[in-house]
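Participant: Sequence:
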Amino acid sequence: MQSSMKSYPKNSTSYLKPAFGKFHRIFKTTSIYAYKSKVESLNFLYCTDIFKKETEMNSNPHSRTKQFRNIGVILSIILLCFCCTIEAKEKGVYYNLTEAFQHPTDVQYLYLGPRERKHSNDPLWTLPKEIGKLQNLRDLDLSSNQLMTLPKEIGKLQKLQKLNLTRNRLANLPEEIGKLQNLQELDLEGNQLATLPEEIGNLQNLQTLDLEGNQLTTLPKEIGKLQNLKKLYLYNNRLTTFPKEIEDLQNLKILSLGNNQLTTLPKEVGKLQNLQEMKSSKNQLTTLPKEIGNLQNLQELYLAHNQLTALPKEIGNLQNLQQLYLYGNQLTTLPIEIGNLQNLQGLHLGNNKLTAFPKEIGNLQKLKWLGLNKNQLTTIPKEIGNLQNLKELNLSSNQLTTIPKEIENLQNLQVLDLNNNQLTALPKEIGNLQNLKELDLTSNRLTTLPKEIGNLQSLESLDLSNNPLTSFPEEIGKLQHLKRLRLENIPTLLPQKEKIRKLLPNVTIDFGPET
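Numbering (this note's numbering), first residue to last: 11 to 525.
Where hints are given, some of them may not hold.
What the hints assert, rightly or not - So the derived label-pair ranges between C-beta atoms look like this:
#1 P133 x T518: 14 to 24 angstroms
#2 D520 x P483: 52 to 62 angstroms
#3 K369 x N307: 49 to 59 angstroms
#4 N106 x Q283: 37 to 47 angstroms
#5 K254 x Q191: 22 to 32 angstroms
Stated by the list, open to error - Below, a list of computed lysine to any residue pairs in the SDA-like style, where the Cα atoms sit at most 20 angstroms apart:
#6 K289 x E185
#7 K507 x S468
#8 K101 x P161
Hints listed in this document are in silico derivations from the structure and should not be mistaken for laboratory results.
Using N, Cα and C, we set each Cβ at its ideal position, and we do this for glycine too.
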């Protein structure tokens, strides 16, 4: 090999190193075998690249035979280095217990999840106590097995940083779990846990605790000792109360409490000054503590599918809030302070009992999505025209009879849903919505349309179904970007079918089933 390399052009090293360097990209993964197909693709891709460069160096066909031999040398070296790199990168990584127990001090990463046993091992039903001998273990993946208990020896893994026990059959945890002083991530999603040991509060370095999909009815007060906890996931449990010690989780950024049985939130939640995202949808909340207004860093608040009848005025203090989900509650009014949410981008109020909403909603200058569908609205305040950044407005399934002309100011509006109302006419100003792409007017009481509708040059979809239209404005023929027009259940337009098709030859028109 060395003699062959001596005969290879010296300047070839200038492209050998970069070519081999490209292989390095795939070594950043923990398990190279999980990306075997990608490795094979890269081998083919970059070998052809070398061939191309080789032939470009000498275009004389009589000289290429020798160069082909040199390419073989290059590829042999690459393959050797490639294998060595895999061995170096895979050091400390194991995929079955037998091999791991043969080299206990070498094991740093032990992966026994479904991906690693795809072609070999059966699911684990028990974890042997010898697991405690893996003193250098940092990452342990036991996901998607059939474990019902954990040996107390698991507490000996003093260097463990990540423990994944997702989708097992654990009904409890040993108190020794609290000895994992370096643990940063603990994933217990999809088990059968009804309680947690108080020793869980000893995990001083824990940053992520995932307990979603268990059977927890309460949490130990010691949970408040997790001073470094940033993410706490409790979705889909059976929680009815929450310990006030939650106030001590000062580094918490994400709190997921959805799909439980909570009737109220503790006022102490207002002390979580670093909280950015709180999910409490699908509970039985009837009120919110006024202290919720103290969450100055909160960006997303999910309260959908509860039983809220009102919001505290302090909700207006959430100056950094960007998304507010209140869909599926019992709200009849909104506090005027909601207009103080200067950074709000999405306001989801569908499926409530609102009969009106405050004009202060026009102060939400950054609002992009406003959902007011399935309420009992009879009017819309003219201040809605102040929402200059609004892209989607859903007012479907209300009792609206008119739309304010100020709607013309919504120059960034792309989707306007007015279906299932009681509109008898549209303001001509609707034609000024130059960026509107979708307009749904299904199931109203429209007999005519303003000719200005032909000015909606960006419109792609128009639904006029189930209206008592007596005429069809020819100005719709000016809609150059229109792709879909629905005219279902409008008997008066059936005689004009051919005329309408000729007017819009490139548009898919749906007249519905013929009777």
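Participant: So, for every hint listed, does it hold in this structure?
Facilitator: Hint-by-hint comparison with the structure:
no.	hint	verdict
1	P133 x T518: 14 to 24 angstroms	51 angstroms, violated
2	D520 x P483: 52 to 62 angstroms	18 angstroms, violated
3	K369 x N307: 49 to 59 angstroms	29 angstroms, violated
4	N106 x Q283: 37 to 47 angstroms	46 angstroms, holds
5	K254 x Q191: 22 to 32 angstroms	26 angstroms, holds
6	K289 x E185	29 angstroms, violated
7	K507 x S468	24 angstroms, violated
8	K101 x P161	26 angstroms, violated
Comparing the model with each numbered hint stated earlier shows that hints 1, 2, 3, 6, 7, 8 do not hold.
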